[in-house]
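Protein chains in written order, with the working numbering: chain A, 415 to 832; chain B, 415 to 832.
FYI, nobody ran anything at the bench for these hints, they're computed from the structure. Nothing here was measured: the structure is a model prediction, and the numbers come from that model. A hint or two may mislead.
A pair counts as met if it fits within one copy or between any two copies, since identical chains are not told apart.
Straight-line alpha carbon distances no greater than 25 Å define the calculated SDA-like cross-link-like pairs of lysine to any residue that follow [unchecked claim]:
#, residue 1, residue 2
1, K815, L731
2, K426, A746
3, K815, N520
4, K641, S743
5, K655, Q462
6, K815, W516
7, K641, R668
8, K426, S463
9, K641, L806
10, K641, I830
11, K429, L713
12, K474, G796
13, K429, R484
Protein chains: 2
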Amino acid sequence: MTVEDIVLQMAKAAKKAAAEVACASTAKKNAALTAIADKISSHAPYIQSQNVLDLESAKKNGLSDAMIDRLTVGDDTIASMANGLREVVGLQDPVGSSDGTWVRPNGLEVSRVRIPLGVIGIVYESRPNVTIDAAGLCLKSGNAVILRGGSEAIHSNLALAKSISEALTETSMPQNAVQIVPVTDRKAITVLLGREEEIDLIIPRGGEGLIRFVVENSKIPVLKHYKGVCHVYVDLAADMKMAEEICFNAKVQRPGVCNAMETLLVHRKAAPVFLPDMAARYTAAGVEIRGCEETCRILPMAVKASEDDWHEEYLDLIVSVKVVEDINSAMAHIARYSSQHTEAIVTSDYMNAERFLKEIDSSVVLVNASTRFNDGGQLGLGAEMGISTSKLHAFGPMGLKELTTTKFVVRGHGQIRS
Amino acid sequence: MTVEDIVLQMAKAAKKAAAEVACASTAKKNAALTAIADKISSHAPYIQSQNVLDLESAKKNGLSDAMIDRLTVGDDTIASMANGLREVVGLQDPVGSSDGTWVRPNGLEVSRVRIPLGVIGIVYESRPNVTIDAAGLCLKSGNAVILRGGSEAIHSNLALAKSISEALTETSMPQNAVQIVPVTDRKAITVLLGREEEIDLIIPRGGEGLIRFVVENSKIPVLKHYKGVCHVYVDLAADMKMAEEICFNAKVQRPGVCNAMETLLVHRKAAPVFLPDMAARYTAAGVEIRGCEETCRILPMAVKASEDDWHEEYLDLIVSVKVVEDINSAMAHIARYSSQHTEAIVTSDYMNAERFLKEIDSSVVLVNASTRFNDGGQLGLGAEMGISTSKLHAFGPMGLKELTTTKFVVRGHGQIRS
Numbered sequence: 415m416t417v418e419d420i421v422l423q424m425a426k427a428a429k430k431a432a433a434e435v436a437c438a439s440t441a442k443k444n445a446a447l448t449a450i451a452d453k454i455s456s457h458a459p460y461i462q463s464q465n466v467l468d469l470e471s472a473k474k475n476g477l478s479d480a481m482i483d484r485l486t487v488g489d490d491t492i493a494s495m496a497n498g499l500r501e502v503v504g505l506q507d508p509v510g511s512s513d514g515t516w517v518r519p520n521g522l523e524v525s526r527v528r529i530p531l532g533v534i535g536i537v538y539e540s541r542p543n544v545t546i547d548a549a550g551l552c553l554k555s556g557n558a559v560i561l562r563g564g565s566e567a568i569h570s571n572l573a574l575a576k577s578i579s580e581a582l583t584e585t586s587m588p589q590n591a592v593q594i595v596p597v598t599d600r601k602a603i604t605v606l607l608g609r610e611e612e613i614d615l616i617i618p619r620g621g622e623g624l625i626r627f628v629v630e631n632s633k634i635p636v637l638k639h640y641k642g643v644c645h646v647y648v649d650l651a652a653d654m655k656m657a658e659e660i661c662f663n664a665k666v667q668r669p670g671v672c673n674a675m676e677t678l679l680v681h682r683k684a685a686p687v688f689l690p691d692m693a694a695r696y697t698a699a700g701v702e703i704r705g706c707e708e709t710c711r712i713l714p715m716a717v718k719a720s721e722d723d724w725h726e727e728y729l730d731l732i733v734s735v736k737v738v739e740d741i742n743s744a745m746a747h748i749a750r751y752s753s754q755h756t757e758a759i760v761t762s763d764y765m766n767a768e769r770f771l772k773e774i775d776s777s778v779v780l781v782n783a784s785t786r787f788n789d790g791g792q793l794g795l796g797a798e799m800g801i802s803t804s805k806l807h808a809f810g811p812m813g814l815k816e817l818t819t820t821k822f823v824v825r826g827h828g829q830i831r832s
Numbered sequence: 415m416t417v418e419d420i421v422l423q424m425a426k427a428a429k430k431a432a433a434e435v436a437c438a439s440t441a442k443k444n445a446a447l448t449a450i451a452d453k454i455s456s457h458a459p460y461i462q463s464q465n466v467l468d469l470e471s472a473k474k475n476g477l478s479d480a481m482i483d484r485l486t487v488g489d490d491t492i493a494s495m496a497n498g499l500r501e502v503v504g505l506q507d508p509v510g511s512s513d514g515t516w517v518r519p520n521g522l523e524v525s526r527v528r529i530p531l532g533v534i535g536i537v538y539e540s541r542p543n544v545t546i547d548a549a550g551l552c553l554k555s556g557n558a559v560i561l562r563g564g565s566e567a568i569h570s571n572l573a574l575a576k577s578i579s580e581a582l583t584e585t586s587m588p589q590n591a592v593q594i595v596p597v598t599d600r601k602a603i604t605v606l607l608g609r610e611e612e613i614d615l616i617i618p619r620g621g622e623g624l625i626r627f628v629v630e631n632s633k634i635p636v637l638k639h640y641k642g643v644c645h646v647y648v649d650l651a652a653d654m655k656m657a658e659e660i661c662f663n664a665k666v667q668r669p670g671v672c673n674a675m676e677t678l679l680v681h682r683k684a685a686p687v688f689l690p691d692m693a694a695r696y697t698a699a700g701v702e703i704r705g706c707e708e709t710c711r712i713l714p715m716a717v718k719a720s721e722d723d724w725h726e727e728y729l730d731l732i733v734s735v736k737v738v739e740d741i742n743s744a745m746a747h748i749a750r751y752s753s754q755h756t757e758a759i760v761t762s763d764y765m766n767a768e769r770f771l772k773e774i775d776s777s778v779v780l781v782n783a784s785t786r787f788n789d790g791g792q793l794g795l796g797a798e799m800g801i802s803t804s805k806l807h808a809f810g811p812m813g814l815k816e817l818t819t820t821k822f823v824v825r826g827h828g829q830i831r832s
């Protein structure tokens, strides 16, 4: 079979399975998730032996240590995948719940009822745990899923697919509810992105290159985020100790993720008090500071920031720092450079706090808290499928609810339009 | 200026205006809508004089009577546009309302707050009333809008733009909150569809050709529906008189719209009782019947339906009729041919009713009511921007709420992640 034939057959099979998964009870879906968790644990030796094949190729192909680290399925990875599934079992099933029911003057009873999207395609790189995390969330929300992982993880992913497949069979769920594209040919992605008749949504997970490729080639709606250039603005009225803790946490606690702070904005009158202590802590933690002119005047260790720095998602122990006139200049800087991901203000001023929350156009806006809270688990949605920075359908972390939509259910007793 | 320059400048101006409209109070937005309604009424003679220019070109270019009818701005059109705006004034403003607030164990208070989408682009044909309807809904939901109507309506649309512009000025709303593309060059559409940096959503309104063109050329998310091939299934357990009223209403009351029924499915055992009376009424109303073999056996006036008929959106006094074995075959037919727009069942059987509502994958599913109720006004959403038949973001009629999204607003007092 050609790559086209393989992907087309998978898409058609997924659409058929989707109709069945959509009507599966929560108990049945939970049983399947639990069975997958059990299989992964009991098949750990096999999964890890297949993972070794991927790791050997990766070393041969000279992949970076960071990539090899992400590719490795250790005992902790197995445990975390299985635990992740059990957590999803515990989450509320959105399917069938209603956003409200109302009665029209003519007696028609109208409800908006949550339904699955149908078939979701996930295109991702490296981490084999995405295979399990994504499968769990898609299944629980009543969707069928087609997973297309990176070629570097193909043996690991197919080994995981075996566990999933056995679990689905044992719990009488349709085999094709979860499918993993078995070919590494990149053409499979292009074919997948063209199957708008069967696939309802594409979610890319990976680097900006992969995401741009998916957006440009997809005929299917895509939920994505390119990058997180997150800002914290320290206002004049901030509790300076609190500001320091938040800015330290936002930058240093886990610098390699999208909700880490990249740019720190400081009110001109707060800067001389706030920046020296803050910078000392950053320096002690190995953070490089790239500052505006004013910042460099205050901080001898700062290097001059270029225009590019304000656009940059460092994902590293680097922070850009800018001294601003007031909240207006802070908000203007954010409007210009933000990626609409996460922005925070530290302030004790009520008017400034409320204005920031209202006017900043980002998926998560915070007062007096770290940007690191832009996360489905931290915000109380449960596990997440990623964070959307475009506004259609979902804006911010995507939990189970964001993998569903609503239809209108109308109950009548003979109503017609006049 | 080139077409590119004109559209680019409009897009940038819209983005700037959007930030201001997003923060405008409901009272201010309502004042603007009321002022537009007043201006349209007082400027009616001017608007109609400009409309005459379009009508003269239309006649010279040999446009069909139906198109000329849609293009005509009569006194009733003026009144209906003004009334439409006043109705939107009465609708609840979705902006700023919250889908819920909850407190995390660490004390963070999290809300999902409704915000406007930003800039909406509308690409449409013929009817100048879309200019006013769309402007009203976009403004009320806090969005800026760029309208690109058909070249055949350019004088009418620019005359309406003048009323809008005066009203915005008088109510201190940003001028560029509503802009109408002043050039008729089709290239303007292509340029508009490429401005993903400024425009958040494109809504095409018009024939399938226009919609396909927009979907294929847009880098911006599109909300659309291609067609409405709506079904009514008359079950064995139906009240036959009720079924007749519903099927007559669904086909005949307004055959030229997307929520009119195109295909009637009848249970085999109900067919000999139901179809003759139904067909007599259809025939008396001038409805042509295209039937399956079994239908043609029962109804002498029916002509044989081809495979194409089951796919067809007639938008006319034609109905395709198929006799089916039972609800399973009815649902299988719908799954194969439906455009996921609107499907109804007429039945007194509880299990069949609930199963139909649950399993049919369409934006509106009804029991014992006419398909003609798939309409924002009829379902209680107020005025609508059209009906979406794709599942992302909106599925079914799109009211004010569907022109917004939510962001997460987080209030803390120094929380950091550990």
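- If any of the earlier hints don't hold here, list their numbers in rising order. 1, 5, 8, 11, 12, 13
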